[in-house]
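Protein chains: 2
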Amino acid sequence: MNQLNQLTERIIRRVNVNLEEFDFDTESFVTNTLDHDKMLEFYAFYGITSQHPIYFHFKNSNIAGSYFLGKCHVGRSAIYKSDIRGDELKRKGDNLRYKKDVPLVEDEMFTIRDSLLYKTLVHSNSHNLESPEEFSIRNTISAHYANIHGSTLEGCFLGPFATLDLMNLHSCIVGEFSYVQAGELFHRKIDPGTVWIRNPHFEFKYKFKKEILDNFVGVNSSHQPRGIIYDFVKAREQDYEKLFDIMNLAPIEAPSTSAVNRYAVVKGKINIGENVLVAQSAFLDNAVMGDGSNAQENSYIIHSTLAGRNVTAHGGKIIHSDIGLDTFVGFNSFLNGKPDARIEIGEECIVMPHTIIDPDISIKIPGEHLVWGFIKSEADLKDHTIAFDDLAEVRDILKIGKLTFTGMGSVFIDGFRKRIHQILLLNGALFQKDENRGHAQDDQNISFNTIQPYRTGTRRGLYPSIRIKP
Amino acid sequence: MNQLNQLTERIIRRVNVNLEEFDFDTESFVTNTLDHDKMLEFYAFYGITSQHPIYFHFKNSNIAGSYFLGKCHVGRSAIYKSDIRGDELKRKGDNLRYKKDVPLVEDEMFTIRDSLLYKTLVHSNSHNLESPEEFSIRNTISAHYANIHGSTLEGCFLGPFATLDLMNLHSCIVGEFSYVQAGELFHRKIDPGTVWIRNPHFEFKYKFKKEILDNFVGVNSSHQPRGIIYDFVKAREQDYEKLFDIMNLAPIEAPSTSAVNRYAVVKGKINIGENVLVAQSAFLDNAVMGDGSNAQENSYIIHSTLAGRNVTAHGGKIIHSDIGLDTFVGFNSFLNGKPDARIEIGEECIVMPHTIIDPDISIKIPGEHLVWGFIKSEADLKDHTIAFDDLAEVRDILKIGKLTFTGMGSVFIDGFRKRIHQILLLNGALFQKDENRGHAQDDQNISFNTIQPYRTGTRRGLYPSIRIKP
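Protein sequence lines correspond, in order, to chains A and B.
Letter by letter, the first sequence follows residues 0 to 469 in numbering that gives the first Met the number 0.
Letter by letter, the second sequence follows residues 0 to 469 in numbering that gives the first Met the number 0.
Just to be clear, a hint being listed does not mean it is correct.
No copy is singled out in the list; a pair is fine if it fits within one copy or between any two copies.
[Claimed, not checked] Below, in silico cross-link-like pairs of lysine to any residue (SDA-like), each with a Cα-Cα straight-line distance of 25 Å or less:
{"id": "1", "residue 1": "K432", "residue 2": "T457"}
{"id": "2", "residue 1": "K58", "residue 2": "R90"}
{"id": "3", "residue 1": "K37", "residue 2": "L248"}
{"id": "4", "residue 1": "K37", "residue 2": "A249"}
{"id": "5", "residue 1": "K468", "residue 2": "Y54"}
{"id": "6", "residue 1": "K89", "residue 2": "I422"}
{"id": "7", "residue 1": "K91", "residue 2": "N59"}
{"id": "8", "residue 1": "K468", "residue 2": "S446"}
{"id": "9", "residue 1": "K37", "residue 2": "T449"}
{"id": "10", "residue 1": "K266", "residue 2": "P250"}
{"id": "11", "residue 1": "K37", "residue 2": "I251"}
{"id": "12", "residue 1": "K206", "residue 2": "S376"}
{"id": "13", "residue 1": "K363", "residue 2": "L390"}
{"id": "14", "residue 1": "K468", "residue 2": "R90"}
{"id": "15", "residue 1": "K37", "residue 2": "Q50"}
{"id": "16", "residue 1": "K37", "residue 2": "P250"}
By construction, these hints were calculated from the structure, which means they are not laboratory data.
Make a model of the complete structure from these sequences and hints.
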């Protein structure tokens with residue numbers, strides 16, 4: 000058996016051990032997902048800038064088509080067409096303020112071991128107090144377009160389009176299209192289509208109806224995705240492959256304060272404002288990116304206008320929509336407007352992660368509203384939006400439709416607003432007069448190194464070991 | 000001062016110290032040659048195969064546009080658009096037979112330190128008994144299209160189109176278009192246009208007339224090349240740049256026993272036989288490559304036919320010519336046929352390194368002849384060719400024109416034939432029924448990793464440190 004087969008066998012066995020209590024076998028997912036010939040076709044690349052500390056170490060792994068930026072160790076893993084962005088990793092001397100001060104003695108680093116990440120995004124930094132210098136993913140399999148955001152993982156399986164946000168997970172299964180931000184979980188199985196935020200101050204819990212979710216993101220018996228959202232991204236996959244063919248692409252026209260990553264797809268009529276960040280594997284097609292807006296990894300902005308200071312989180316999809324100033328669109332949201340059924344969202348709204356809006360006639364959401372769940376028509380707004388002023392009144396519990404919110408509404412809103420401000424700050428959206436530099440300013444002059452697998456021999460399909468430092 | 004400036008300053012100072020006795024200042028060469036902005040434009044690449052032991056280590060260097068294959072350490076150096084091919088490096092356990100047996104305790108490795116190699120080829124393996132595991136180039140500057148072939152160097156300056164072959168050089172200056180294979184030299188200055196082979200058994204010495212040489216390869220006061228040969232290569236430089244733009248080129252049609260490197264230029268009507276090797280930075284334009292032929296680095300085969308088992312050594316240029324079976328064309332030879340003045344060379348000839356044939360009407364050299372020096376017309380053949388049978392008669396000294404040969408002619412011919420056989424063997428030209436594998440078979444499935452310099456900051460123009468292992 001060649002070493003690539005040995006590698007995938009080992010990953011299957013390890014994750015299965017972790018998930019034994021659920022009688023969950025990852026083998027059919029892995030064998031149906033990984034096409035070893037395709038894993039030979041692509042090259043991986045890692046970005047070098049003068050703004051980030053550099054350390055890359057790849058060993059005994061296949062990392063086909065993946066993008067690495069920031070300190071990273073990958074060992075005995077298969078990382079396929081994934082984005083591992085490390086420009087928010089903590090630095091030596093930083094203080095992790097979380098109950099107690101935890102000063103960092105080294106730069107933080109990703110360590111990914113004995114894992115398979117398939118078209119997965121990994122970003123932010125570890126919120127695990129036990130190992131602040133290590134953003135660790137171990138014995139874990141994540142499926143198509145999952146997001147691992149500031150979350151350390153051990154022995155987990157993440158379904159397609161699942162998002163883990165700023166938490167720690169041990170021996171858990173997370174269903175497809177679920178968003179979880181719940182501190183720390185052990186040996187839990189999260190149902191598909193769960194949107195769940197829990198912290199000491201409040202809890203937000205929503206669950207998609209099974210018949211609706213199945214329509215947008217379902218899986219078959221081997222956990223392979225299907226449905227409208229998967230078809231949508233699949234239809235655009237080949238646009239990305241072109242980015243790999245040409246070595247030096249002509250840069251996209253943009254102000255000097257903005258960064259458009261050369262591994263983003265940019266087509267049609269585009270207008271890029273100041274302090275704009277377009278990350279790798281973002282997709283712009285006829286888009287207006289107002290000042291301070293961003294399009295993060297795997298986000299799509301199509302025939303849409305972002306007025307300014309808009310966050311489009313990882314995997315967010317904005318189609319035939321007009322988004323007001325300061326409005327946030329969360330992870331994997333699917334704003335599926337049509338040419339004759341546009342979506343208009345007012346200023347300072349928060350579109351919760353994993354929100355689906357799929358109108359047949361134009362729909363409008365006023366400013367300063369929270370938006371969640373599934374919205375098909377105006378009639379759905381009642382059960383899936385709430386004005387901030389009304390939410391701020393909630394002190395104990397709120398039930399609307401399939402949402403249950405407990406805790407202080409005002410704390411929830413304030414916390415969310417602070418986080419959005421922090422995201423804008425990190426992304427360089429608030430850069431002015433040489434202050435508040437962020438990714439939009441720092442990620443402009445990336446140079447890319449590429450790396451290819453062995454093409455023959457017993458190591459066929461594996462990448463050579465590489466260690467790179469300043 | 001940025002680090003790239005510091006680097007070039009250091010190289011200048013070190014080489015100048017080595018060459019102090021000659022009152023030779025390398026500064027004007029370096030400052031006129033290196034364009035720091037251009038050094039940011041290109042990427043370097045290193046090839047990975049399952050047939051060669053892998054180790055690459057680049058540190059504090061600029062290696063723009065260069066090609067590395069085989070174990071290599073580059074430190075504090077500028078290697079610009081150079082080919083450092085390591086597929087003939089010796090391996091652990093090999094025996095260096097040279098008077099005494101010298102068994103190797105480690106794989107051999109290139110180490111290049113404090114040096115500037117500009118469009119230089121480095122190939123073969125060290126013939127230095129003192130350090131058989133290290134092919135070392137130190138405190139050395141080599142100019143455009145020099146060849147460093149199996150030669151360790153310390154404190155040297157090589158002029159444009161100079162070739163060092165299987166020897167050791169310490170604190171020497173080698174003039175432009177000189178070929179030297181002379182064991183070991185200390186503190187010597189070799190005149191331009193010298194073709195010199197010396198060993199315990201014989202000596203071959205020829206020197207181009209200054210006025211002829213100046214026409215083909217001259218230099219100005221800062222050692223920058225000019226002349227017909229330099230103009231010839233310069234006119235074709237941009238064909239190479241296209242190879243850098245596309246990531247995955249369609250492979251050239253060739254039998255499964257042959258290798259056409261993807262960093263070779265191939266245009267016009269091409270016919271590739273069995274067991275053919277076309278190395279990186281070779282240039283084919285309307286060429287017939289007979290079975291077992293090769294086109295080595297920086298060689299050009301244009302509107303020409305190679306009948307079979309032909310060696311075209313590094314930098315050899317064959318234009319409007321027909322080359323017979325088993326005929327060898329040495330380093331940097333310039334066979335400048337024209338559409339109405341073709342060059343025909345018979346079977347089993349040896350065209351000495353640095354031979355120039357530049358006819359105005361068609362010219363024909365019969366088989367089994369040695370060919371050297373400068374040939375403009377049939378009249379020149381008398382003083383620049385000799386039949387092997389006649390040369391074999393020489394037992395003491397032979398003077399023809401500007402050639403002086405001393406020693407046994409038969410030993411010279413036998414030695415040369417053995418070496419040609421060895422080159423064919425190494426190149427895989429004699430591969431049959433799974434025996435005699437060589438570069439043509441082993442270099443087919445190279446995967447390439449690319450590496451780019453820092454684009455900003457104090458390290459701008461330097462490449463990040465990288466260490467790569469199996």
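Results for each hint:
1. K432 to T457: between (55 Å within a copy, 22 Å between copies)
2. K58 to R90: Both, since 24 Å and 24 Å are each at most 25 Å.
3. K37 to L248: both (24 Å within a copy, 17 Å between copies)
4. K37 to A249: between (27 Å within a copy, 17 Å between copies)
5. K468 to Y54: Intra 5 Å, inter 16 Å, cutoff 25 Å: intra and inter.
6. K89 to I422: Result: close within a single copy only, 15 Å intra versus 55 Å inter.
7. K91 to N59: between (28 Å within a copy, 24 Å between copies)
8. K468 to S446: both (14 Å within a copy, 22 Å between copies)
9. K37 to T449: Intra 17 Å, inter 20 Å, cutoff 25 Å: intra and inter.
10. K266 to P250: Close inside one copy (12 Å), not across copies (30 Å); limit 25 Å.
11. K37 to I251: The answer is between: 22 Å across copies meets 25 Å, while 29 Å in one copy does not.
12. K206 to S376: Classified as within: same-chain Cα gap 19 Å, cross-chain 90 Å, threshold 25 Å.
13. K363 to L390: within (19 Å within a copy, 96 Å between copies)
14. K468 to R90: Classified as within: same-chain Cα gap 16 Å, cross-chain 28 Å, threshold 25 Å.
15. K37 to Q50: between (34 Å within a copy, 22 Å between copies)
16. K37 to P250: between (28 Å within a copy, 18 Å between copies)
In this structure, every one of the numbered hints holds.
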